[in-house]
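Q: In case you want the letters, here they are:
Protein chains: 2
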Amino acid sequence: MEAAGVPGERGREGGIGENDAAEAAGPDERGCPSHPLPAYGSDFLQLDADAVPVGGKTEWLARLLRRAIADGRLGLGSRLPPTRLLAAELGVSRGVVTEAYRLLTEDGHIAGHRRGGTVVVAAPPAPTSTQPSRPSGAHPSPAKGGPPTPPSLFDGEPGPDVYDVLRTSPAAIDLTPGRPDLTAFPRTAWLRAERAVLAELSAEHLGYGDPRGAPPLRHAVADWLAHSRGFRVEPEEVLIVAGTAQALSLLSPVLRAEGVDAVAVEDPGSLGTRQHLLHGGLATPPVPVDQEGIRVEALRSTGAPAVLLTPAHQYPTGVVTSGGRRRELLRWAAEDGGLILEDDYDAEHRYDRPPVSALRALLTYRVCYMGSVSKLLAPALRTGWMVPPPRYRERLIEAKRFTDLGNAALPQLVLARLMESGGLERHLRMLRRRHRSRRDAMIGALAERLPGAVVHGAAAGLHLTVTYEAEVPDRALAAAALARGVKCHPLSWYRQLPGRPGLVLGYAAVPPGVAAEGVAVLGEALRALGTTS
Amino acid sequence: MEAAGVPGERGREGGIGENDAAEAAGPDERGCPSHPLPAYGSDFLQLDADAVPVGGKTEWLARLLRRAIADGRLGLGSRLPPTRLLAAELGVSRGVVTEAYRLLTEDGHIAGHRRGGTVVVAAPPAPTSTQPSRPSGAHPSPAKGGPPTPPSLFDGEPGPDVYDVLRTSPAAIDLTPGRPDLTAFPRTAWLRAERAVLAELSAEHLGYGDPRGAPPLRHAVADWLAHSRGFRVEPEEVLIVAGTAQALSLLSPVLRAEGVDAVAVEDPGSLGTRQHLLHGGLATPPVPVDQEGIRVEALRSTGAPAVLLTPAHQYPTGVVTSGGRRRELLRWAAEDGGLILEDDYDAEHRYDRPPVSALRALLTYRVCYMGSVSKLLAPALRTGWMVPPPRYRERLIEAKRFTDLGNAALPQLVLARLMESGGLERHLRMLRRRHRSRRDAMIGALAERLPGAVVHGAAAGLHLTVTYEAEVPDRALAAAALARGVKCHPLSWYRQLPGRPGLVLGYAAVPPGVAAEGVAVLGEALRALGTTS
Numbered sequence: 001m002e003a004a005g006v007p008g009e010r011g012r013e014g015g016i017g018e019n020d021a022a023e024a025a026g027p028d029e030r031g032c033p034s035h036p037l038p039a040y041g042s043d044f045l046q047l048d049a050d051a052v053p054v055g056g057k058t059e060w061l062a063r064l065l066r067r068a069i070a071d072g073r074l075g076l077g078s079r080l081p082p083t084r085l086l087a088a089e090l091g092v093s094r095g096v097v098t099e100a101y102r103l104l105t106e107d108g109h110i111a112g113h114r115r116g117g118t119v120v121v122a123a124p125p126a127p128t129s130t131q132p133s134r135p136s137g138a139h140p141s142p143a144k145g146g147p148p149t150p151p152s153l154f155d156g157e158p159g160p161d162v163y164d165v166l167r168t169s170p171a172a173i174d175l176t177p178g179r180p181d182l183t184a185f186p187r188t189a190w191l192r193a194e195r196a197v198l199a200e201l202s203a204e205h206l207g208y209g210d211p212r213g214a215p216p217l218r219h220a221v222a223d224w225l226a227h228s229r230g231f232r233v234e235p236e237e238v239l240i241v242a243g244t245a246q247a248l249s250l251l252s253p254v255l256r257a258e259g260v261d262a263v264a265v266e267d268p269g270s271l272g273t274r275q276h277l278l279h280g281g282l283a284t285p286p287v288p289v290d291q292e293g294i295r296v297e298a299l300r301s302t303g304a305p306a307v308l309l310t311p312a313h314q315y316p317t318g319v320v321t322s323g324g325r326r327r328e329l330l331r332w333a334a335e336d337g338g339l340i341l342e343d344d345y346d347a348e349h350r351y352d353r354p355p356v357s358a359l360r361a362l363l364t365y366r367v368c369y370m371g372s373v374s375k376l377l378a379p380a381l382r383t384g385w386m387v388p389p390p391r392y393r394e395r396l397i398e399a400k401r402f403t404d405l406g407n408a409a410l411p412q413l414v415l416a417r418l419m420e421s422g423g424l425e426r427h428l429r430m431l432r433r434r435h436r437s438r439r440d441a442m443i444g445a446l447a448e449r450l451p452g453a454v455v456h457g458a459a460a461g462l463h464l465t466v467t468y469e470a471e472v473p474d475r476a477l478a479a480a481a482l483a484r485g486v487k488c489h490p491l492s493w494y495r496q497l498p499g500r501p502g503l504v505l506g507y508a509a510v511p512p513g514v515a516a517e518g519v520a521v522l523g524e525a526l527r528a529l530g531t532t533s
Numbered sequence: 001m002e003a004a005g006v007p008g009e010r011g012r013e014g015g016i017g018e019n020d021a022a023e024a025a026g027p028d029e030r031g032c033p034s035h036p037l038p039a040y041g042s043d044f045l046q047l048d049a050d051a052v053p054v055g056g057k058t059e060w061l062a063r064l065l066r067r068a069i070a071d072g073r074l075g076l077g078s079r080l081p082p083t084r085l086l087a088a089e090l091g092v093s094r095g096v097v098t099e100a101y102r103l104l105t106e107d108g109h110i111a112g113h114r115r116g117g118t119v120v121v122a123a124p125p126a127p128t129s130t131q132p133s134r135p136s137g138a139h140p141s142p143a144k145g146g147p148p149t150p151p152s153l154f155d156g157e158p159g160p161d162v163y164d165v166l167r168t169s170p171a172a173i174d175l176t177p178g179r180p181d182l183t184a185f186p187r188t189a190w191l192r193a194e195r196a197v198l199a200e201l202s203a204e205h206l207g208y209g210d211p212r213g214a215p216p217l218r219h220a221v222a223d224w225l226a227h228s229r230g231f232r233v234e235p236e237e238v239l240i241v242a243g244t245a246q247a248l249s250l251l252s253p254v255l256r257a258e259g260v261d262a263v264a265v266e267d268p269g270s271l272g273t274r275q276h277l278l279h280g281g282l283a284t285p286p287v288p289v290d291q292e293g294i295r296v297e298a299l300r301s302t303g304a305p306a307v308l309l310t311p312a313h314q315y316p317t318g319v320v321t322s323g324g325r326r327r328e329l330l331r332w333a334a335e336d337g338g339l340i341l342e343d344d345y346d347a348e349h350r351y352d353r354p355p356v357s358a359l360r361a362l363l364t365y366r367v368c369y370m371g372s373v374s375k376l377l378a379p380a381l382r383t384g385w386m387v388p389p390p391r392y393r394e395r396l397i398e399a400k401r402f403t404d405l406g407n408a409a410l411p412q413l414v415l416a417r418l419m420e421s422g423g424l425e426r427h428l429r430m431l432r433r434r435h436r437s438r439r440d441a442m443i444g445a446l447a448e449r450l451p452g453a454v455v456h457g458a459a460a461g462l463h464l465t466v467t468y469e470a471e472v473p474d475r476a477l478a479a480a481a482l483a484r485g486v487k488c489h490p491l492s493w494y495r496q497l498p499g500r501p502g503l504v505l506g507y508a509a510v511p512p513g514v515a516a517e518g519v520a521v522l523g524e525a526l527r528a529l530g531t532t533s
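Protein chains in written order, with the working numbering: chain A, 1 to 533; chain B, 1 to 533.
Just to be clear, a hint being listed does not mean it is correct.
All copies of an identical chain are treated as equivalent in the list; a pair is satisfied when it fits inside any one copy or across any two copies.
Unchecked claim - Pairs of lysine to any residue, SDA-like flavour, derived with a Cα cap of 25 Å:
#, residue 1, residue 2
1, Lys57, His427
2, Lys57, Leu85
3, Lys57, Pro354
4, Lys57, Met430
5, Lys57, Arg232
If you are wondering where the hints come from, they were derived from the structure by calculation, not from laboratory data.
Put together the whole structure using the sequences plus the hints.
A: Here you go:
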């Protein structure tokens, strides 16, 4: 009954959805009968007896049979050869064939019937090669080389996958911001640290771990914060997360549960973090940034109970929040009970003098501190940390547990070792020197190739923000640049409020010569558009 | 004004919450004046001029000053020594002191006033040593050694942190299930693969990556599934995630958005996955499991639109879903439009014969397949994969992006190499041999020490489920065992429906002798409770 029932019912699957219908119909389309027909011997296996392996005959035969069924060489309802016959043809013992049939019967592929022999009752899907319809899926990774950029990339508001699309768009020169010099990644030091970690590792470290993060890394981060960010916390207060992106996705529901419906953001400010807040169900009212940092009276007037800040080096303008503005922020936090989400994303990258300490150093209970190694080592490490206000800690730990049971252990232990051995500090000093010279080279190129442009935030970071006077929309400029083989971000991606057009240009990850070349292309593109507009 | 304003307002912070009040009051409690007082020279720094470093004087002095303010040695409102005086006492140039003061002014710690000199206007928090109140936080990781288990561990329904609490409870013998032999982790092969990966790695692999996972790993997983799980998919169809826990947390909102409000679960069945579904806002109606697998008519009668299954080796009973039951499930999926979440958690650990192929091999559009390396290599790697029905793919990719922007790249590339080099296959063969002998040893010990007990699911996996007739509740037994230094799971943790008491005992991660010892302790505990009850 089942043998007849299953194919029949699969034929009815059209009702579930076209895909299923197509899948069910597949074998027939491939010209295979959906009513029983005898299969003759092992021809359908398309092999000769010489191909039979010495060991694992049963698995081998079962795999061949599954493939034959998947391919449609053995269509739904078709009959398998008698075990004795197939065994003889393949020169294997009959037991091998019987066992292989038993495996497929257990799989549910075939069913035995006293009179009808053994029949195919359900086919595994043939390998599909579906192309996802949306951009994020439609753009394979750089490793596979990307298709041409869709014209839509710089039209309208950027979607959540805009960075994926841009990243996988082919271009000769990549001036997108946010990456340190990745060729400088300390491979040797990392491998040495990993060897040491693996040598000392106890089995328990390889089991399910502490959702808060590996204790050695929480210790190392606490030391790091005390030494380079100006505040001291207990390792117990540190939560290891998969970067600031995850920190925000963990925070959003916790904040919403507290009645927080909006997190004010700097304008201009990071598009990525804003998208994360929006995805988390939080409004992101914009607050203008001036030469001293975010305008606190404007923040107050939004009525937002929380704000996301990059105080050490505002992203993307590079403004360092002034002491007076910091005190205004603290007053806002204290008097209005406001919450500050401090994204300390690249404070360590200062060229002129030591970085200012974190806001968290001034107020424990109103600041949720977030940092990561994305700008210190590599974004691909997906490792960061939070120091939340105590009242949020337990809920964030629970959110982290349910998100992924905690970060992977090995990279945490390796990173802890790099931090405590001073290896990370050394790497950072080297990076600063290199980034500084790359910054200077780009500033020089900008002066030469984009004379009208104003450069912002040169004192720190991995990128420059450039504004220009021309009547050329920056998305058109970025699109024209990409068409000429240069990737960069239009400043308007960072804006919710109207403002001058501009570009955000990363210099850290590209050699000076290449950056200069890229800037030259930007100049050409701007002139070309300026004359046509 | 600000100088006076800030301390005053901090004094009012009591209104925000005791913590803030305590923080603000801190300095006073430490006997520091909250009204301006002159500080005399550098005494408050508690150092002599010999301590002055040769380089980095400014940073060094700023750090000392911050610490003095944090400690309360320089209380709110107290005045810093004139730069000239401090410079002289420390034997540094006056510029060093001026610059250090400027840094603290920018931090917002101090403010200069023509007449009043330079005054402390905001103190960084002194290092706190708060102990979180809830268990998950209250139990430090094994590395720090755990406090005694709270009596509550085995009372009432287990909470989300029950595994953390149990893991960090001290015990001589750990028979908790779910871990392979972690001492066997292929450290050398892993390090060799990592060296090769780091040698070939291009900078772009260290940047922000594909949220779907590194292409090499998606290829390797597709090959692995075709070779050992009986179905073939395109790498494009594979989504790399941080284990099954994350797979479920990504799926839950997608399912809810489709109107799925419940996911039926096997009973007995995994507590962890059930907790994840509940946390994801999904009901988990229980469906009994018999000798052939889940009872499909009972599944149908729950009316649940989806079910979470472990078909290859039911967790924890070890039942292998029969071919007939598989076809019933497919009919349910086809006729009722049901969705099957297939948790293929340890199919590769069969001792008697090759594993049955995955349900996904039979139906593409109604099965969301999930696998991981937690049982193949180590849970601490937090690496797994999903092959979702095509219609969910894009939404899951977006959910993954917003959760963490994708798994970390290095471990993905290392794992891909291990899979493609055959290293993982070799490791697995070795594990199977070792696990098999450990299983046999535990079965022997059970026969000898728990004569009444019935052993389930010995044909595969990393654990045994044992049921017994005695009138002893299994949580009481597990608690008594833990008190005697043996960790295991009570079977009732896995049940929503009434059923016989039992224990779930992991044998893979402990040497045979230790397991036998543990079983002996269980026997004593059972007899002791049996006589007292």
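Q: Should Lys57 paired with Leu85 be assigned to within, between, both, or neither, using CA atoms and 25 Å as the limit?
A: within (16 Å within a copy, 90 Å between copies)
Q: Given identical chains, is Lys57 near His427, meaning Cα to Cα at most 25 Å, within a copy, between copies, both, or neither?
A: between (55 Å within a copy, 22 Å between copies)
Q: I want to check one pair: Lys57 and Pro354. Are their C-alpha atoms no more than 25 Å apart within a copy, between two copies, both, or neither?
A: Answer is between; shortest inter-copy Cα gap is 11 Å, intra-copy 68 Å.
Q: Up to 25 Å between alpha-carbons, please classify Lys57 paired with Met430: within, between, both or neither.
A: Classified as between; 20 Å across copies, 58 Å inside a copy.
Q: For Lys57 and Arg232, with the copy left unspecified, which applies at a CA distance of at most 25 Å: within, between, both, or neither?
A: Between copies only: 21 Å across, 64 Å inside.
Of the numbered hints given earlier, the model fails none.
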